[in-house]
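Using the sequences provided together with the hints, build the complete structure.
Protein chains: 4
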Amino acid sequence: MADYFQDISAIQYEGAESTNPLAFKHYNPQEVVLGKTMEEHLRFASCYWHNFCWDGADVFGGGTFGRPWLQPGDAMERAKQKADVAFEFFSKLGAPFYCFHDIDVAPEGDSINDYIRNFSEMTDILGAKQEETGMKLLWGTANVFSHPRYMSGAATNPDPAIFARAATQVFHAMNATKKLGGANYVLWGGREGYETLLNTDLKREREQFGRFMNMVVEHKYKIGFDGLLLIEPKPQEPTKHQYDYDTATVYGFLKEFGLEKEFAVNIEANHATLSGHSFHHEIATAFALDVFGSIDANRGDAQLGWDTDQFPNSVEEMTLICYEILKNGGYTSGGFNFDTKLRRQSTDPADLFHGHIGGMDTCALGLKKAAAIIENDFIADTKAKRYAGWDDAMGKQILGGEYSLASLADLATRSNLDPRQVSGKQELLENQVNQVLFGR
Amino acid sequence: MADYFQDISAIQYEGAESTNPLAFKHYNPQEVVLGKTMEEHLRFASCYWHNFCWDGADVFGGGTFGRPWLQPGDAMERAKQKADVAFEFFSKLGAPFYCFHDIDVAPEGDSINDYIRNFSEMTDILGAKQEETGMKLLWGTANVFSHPRYMSGAATNPDPAIFARAATQVFHAMNATKKLGGANYVLWGGREGYETLLNTDLKREREQFGRFMNMVVEHKYKIGFDGLLLIEPKPQEPTKHQYDYDTATVYGFLKEFGLEKEFAVNIEANHATLSGHSFHHEIATAFALDVFGSIDANRGDAQLGWDTDQFPNSVEEMTLICYEILKNGGYTSGGFNFDTKLRRQSTDPADLFHGHIGGMDTCALGLKKAAAIIENDFIADTKAKRYAGWDDAMGKQILGGEYSLASLADLATRSNLDPRQVSGKQELLENQVNQVLFGR
Amino acid sequence: MADYFQDISAIQYEGAESTNPLAFKHYNPQEVVLGKTMEEHLRFASCYWHNFCWDGADVFGGGTFGRPWLQPGDAMERAKQKADVAFEFFSKLGAPFYCFHDIDVAPEGDSINDYIRNFSEMTDILGAKQEETGMKLLWGTANVFSHPRYMSGAATNPDPAIFARAATQVFHAMNATKKLGGANYVLWGGREGYETLLNTDLKREREQFGRFMNMVVEHKYKIGFDGLLLIEPKPQEPTKHQYDYDTATVYGFLKEFGLEKEFAVNIEANHATLSGHSFHHEIATAFALDVFGSIDANRGDAQLGWDTDQFPNSVEEMTLICYEILKNGGYTSGGFNFDTKLRRQSTDPADLFHGHIGGMDTCALGLKKAAAIIENDFIADTKAKRYAGWDDAMGKQILGGEYSLASLADLATRSNLDPRQVSGKQELLENQVNQVLFGR
Amino acid sequence: MADYFQDISAIQYEGAESTNPLAFKHYNPQEVVLGKTMEEHLRFASCYWHNFCWDGADVFGGGTFGRPWLQPGDAMERAKQKADVAFEFFSKLGAPFYCFHDIDVAPEGDSINDYIRNFSEMTDILGAKQEETGMKLLWGTANVFSHPRYMSGAATNPDPAIFARAATQVFHAMNATKKLGGANYVLWGGREGYETLLNTDLKREREQFGRFMNMVVEHKYKIGFDGLLLIEPKPQEPTKHQYDYDTATVYGFLKEFGLEKEFAVNIEANHATLSGHSFHHEIATAFALDVFGSIDANRGDAQLGWDTDQFPNSVEEMTLICYEILKNGGYTSGGFNFDTKLRRQSTDPADLFHGHIGGMDTCALGLKKAAAIIENDFIADTKAKRYAGWDDAMGKQILGGEYSLASLADLATRSNLDPRQVSGKQELLENQVNQVLFGR
Ligand SMILES: [Co+2]
Ligand SMILES: [Co+2]
Ligand SMILES: [Co+2]
Ligand SMILES: [Co+2]
Ligand SMILES: [Co+2]
Ligand SMILES: [Co+2]
Ligand SMILES: [Co+2]
Ligand SMILES: [Co+2]
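Protein chains in written order, with the working numbering: chain F, 1 to 440; chain Z, 1 to 440; chain W, 1 to 440; chain L, 1 to 440.
This list has only true hints and no planted wrong ones.
Simulated pairs of lysine to aspartate or glutamate, EDC-like, Cα-Cα distance not exceeding 20 Å:
1) L:K255 with W:E207
2) F:K383 with W:D351
3) Z:K396 with Z:D410
Hints are computed from structural coordinates only; laboratory data are not their basis.
In structure tokens:
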């Protein structure tokens, strides 16, 4: 075990009054909410990449964090040092899960065989550390977007040899995820998109993508992986346009290739907003389309047009997210993964804790507030009353296919049907939500 | 016939050198481009609503145009006066088609029977005017978004009686479209969306919407309408979120309800940009998904977040649109409809002509430039070369399902497959397009 | 007095536990916070225009509210009926102030003399109603953007006669504001901008605008109006570009014309976000530039590109706004005016109350939370520590002009100055804010 | 001299018909347009940073270009190799100018003395290369944003020692610019802004920034640098908010600190669009405020919210930019600098030429089209006619201060002034521009 965070002990729940910045104010893992512990409800995960593979560089400047394990040195030694620090962090934080890309945890080396060997050695180490700490893997994934060979896509690359190279990584990453008991496997198509339509054959690339996804499904069954397969939508960045634009687009793609029962979505808050939707919208849409899987909990900046991956801190927003999740039965294998970056100016080791503590408390409070809504569910009541007509005879007959346009027009004309509009009560509903948030 | 445009004669093609602002510089209807006349290729239409039903009001101010037929008076007399002016305009402009909503052409009256009677009388008049002038109907549609009763949606309204009211209008508007020989029927779900998720049941509303669309299909076959059924995507405005968000979203909806063979999309340029896509993207996506139908040719303002519906004037953009259309075989029943508004400060009657002449010349030039690309098609050549690997053995085997993840990983590993990236040549391609646009 | 809201009594403070939707949960006018009552701190105002002059129409549909006083009829009778309802509402709501445009309260009539007579008669009535109810005027303003004559601007119109017409309205609106004891006078340049640079002389229009503003200042002194003159920035809508784009732009304009001591800004939250800034940014900038005046409290929708003017409901956001105001000494003559519209579907008379109650409680909570921050001001402490170097010798010498580039470079070189970056602690600060918001 | 571009000869003008991708179609340096050569008008520059210091990395992946001089090695040797390649490129391209940051051309080393020595040695080499090739320096600048020490700003850093460090670089970069005969000196405040207002004292940072800018002015006079000092606005990225947001904001800042005669702006197209303005708007505003200096010619992507720095390729847009420049007398010391990046997938050395050739031809065509407008200037004619009233007696009297609000209101009332709106003719003007662009 490393002692990068030597001054920091395991984070404890101390309650809302605590003045200790390194304590949870609201996340109390064993506290029961609506019949389950908070730990079971929230299924928190930390990510390997932003926390341990990034040194604070951005497009206009170099790393500011000075993480020792990201300095030059023997690649495997550095990878082990990184794993030590990562598990020191995970253990002290107290989120039960973590997530990784293949090349987050092991160096690629100079050949495919190097890659396989390094990755295998490192996943053995991760397995041992899981054993030792009790940490679990929420999901694994393969990074098939950072290497220059993937600049024009992985599955959607114009070169089938690059498709094959990506398949190789996904094969090993899926196997590793199974080996480590991962609860899900995620695919983020970071370069599956285009920079210009002038050189892009959309139809061909869709076919390639569809075939790739089918291969993933076949492999899942072959190895007996029983977690969810998840696609993570993102509209753009790094590409000008990414095929997995948003939940509705992914759904159409899945339907086209007959995959809608095989994949669910991993919704990231900041990707939602980049696609022109609210986070809430993406979650509600995923449930409506029956493809909800998991969440990358973060936030963007409403004024910025790129993926800032900030820690979630709006309880106002998170309450409605938790409400949707609770109303739809909660997570199955998914969870709240913090796909979050520190601000580049947050250079203290403790800042990693501050970010995660804030994020976890935000979700925990959101859960408790959502549970409070559900206990006296004015939202559900309002909807039930608002749509009541569809549960009556005419509504059921219409939906049941008993009317044609002609017969319905005839009915309306004979009775000179003149329905009046009814208030949507938006302001009242918003006030009621606020009362749960800030009332007693 | 009216003489609102008494100082303006029928617009003629006078060629690029003409200094007459009321002449076409590029649109020469009978000129043949790639084997068809420009008129056949472009299938231009003017719209009734922005041109003849709008007096220049916006959210912050009243009408500036002072159109006589929009002043108070007997509703049917005004509707006839409006039709006179509209057909005077259509005839003088020389676009072969027009488009309308039911209540653009006839007053709603005080009851459904009024509506039916007025609409029937006015469509008789429109039929006579078509006969007289040779004008044709590109598409008809029903306005089920302006009346207060539709404030919470038409097909997706919480009240089934409002669904029935909307069905009544769509029934009559489809029948009228058939009666007038319309080439297509359009559905724009202007209020099919939500203002807040707090009072909205997304799943229920999708079911209602799916049933409504199926009723439309059934009615189409029942009356033997042989045009296309078109859905016009728009992401937001007037609602916070509209269900027919963009082409990919509509496609997913169609697949869910088994309608993807029955509907195509009517893509509006300004709706494309409001949804975060380029106009070009939406067109290319529609062809890739095999749901391309027709176009509402206009443009937005890259700095503004609402539907400005300006006349298209970028030949640079329109050339690539026309290229996609030509490469995919051209319009079948669709066409370029100008869903365009004058700027509120364009208060001269002649301004209606200036806007349309500019729009038609932009499309005509785009068509000619696109044809010039196709004659020596560096775009197609580049793509063919770029994806050549997929036409080779390994590419075909992959797509043909002959590889699993495992066997492909095995192949890659044994050969230590290390494909190199190949330049996408975006800047060169852009230069080549510009050379066609601005070269000799 | 009207009884449009006959079922609704005066709104009372009932505390956070109240389940009465028509009661304040947090706004307790006489409750003292940091030495002043909430009423004195917040200085709430309702607006005439959105509440009483708008019937729920939007660009795609007609009015949904059916307000009786907006139906056809004798214009002055309707204006009186409107005033009755407005003051019924104001009195029952319990915000101490209101705001109006000249033509909100009186019909324009057919001539300038009509306008003057009607406006004079109606302001007499308003004066009487103020007397009777104790209501006060937060600010008056002139609507020089709705009439067609203003389509190309008022002060910046290409026609000086239109400048003169606008001057006439501003003259009377300023006089009326003084007569009614208004605390401020606002100028919103809704049409002072351009649609296209092709027909716009920016330099000329700036000169016109500068002259107009100077005339306003001169008139203020002439009539002895001792309130603030306020400019309300907005970046676009209805125009493509509006000259008073944001606070920083207004400041540059004021400096150019020597007006920076004469005007302050009236910042609207939704205008802030439309200009690409956070609401918080605009407030903080106004204080930094010493031009803060008043606030139009509302909110936009982070996904929509137009002015939705919704009621503010984010306590998270409002707390930081109130913090800035409190830290800078509070309002002088300004206040929180609700420049807010109901959603078009909020058709019940009671919805006007729900919206305002929610907005007032949001501000009230924001005030209390801000006061809680100030009592133990970690934000101020962090800043003091962070900038401490500038209070030391070298910092003071630099700011005092004692160094040139050369001498400072020399100093740095001689000592090989190598300062280290220090964490900005953003995540920690955000957690601390949340603890005040949601802690006990 | 290097021979990185060994297969490419000096780029020649071959005219619009040429099929040689490595030739200019429109940029003919010695061709005279409106009395000056194209070379004199356009003053093209290439930049050091994107072309020679960037290897194709983005936030999600590593370098794709494989530039030999960016591989590990002796830093000064690499810098010299880079200079060789850069001047090979500059000479072959035929743009007369180049631009650089201090640390683009010389390694920072381990101490300030290293920095000074390296930079001095490299600027000697650049001087020799200028001599040898005839290249000139359009502007120099200092990179005070990439090093971790600048993460919280340079001049606006909370630590005065970092201000001093930045001053040291600016001191040497200004001196180097003078030594190399640079025509201008640029300041881009890439980190002068904030990430969160929670830790930022806006007022203090403005004061620091104002003092820094005054030091720059003083140094300019001290060393007798007679070029322009330029500030480059950018609204955000890398910071959440950058102080030099746009031209209007910079103008306000300059006025506040009495610097408006000392600085002009260097407007970048992509920064304009990120700030919510059109490129055209920023140029026109700079001329209206008399602060126009130079241009970073590039373009963004209308759908993307970050700085894509693509090569300009819209002749439609560039024509209006050139029109503004020509109408205002042309560049003095400024020019068109290509602050442009290849797409990451453009990995061939020749792609650097394709990008620049396309950009230069776009500007050259824009210049010729703008000149064609000016020869028969319907834009100027339209404006003259539109604002004619302001040249008449009443207009002059108003602007001359001869009216008060009262006297103007009196005049309007006595004559019941009722001016009518006049069409803005936007569509006609747009058609006329298109006719110049695409007519014969
Ligand atoms: Co993610
Ligand atoms: Co992200
Ligand atoms: Co349309
Ligand atoms: Co539209
Ligand atoms: Co306002
Ligand atoms: Co507003
Ligand atoms: Co630049
Ligand atoms: Co840039």
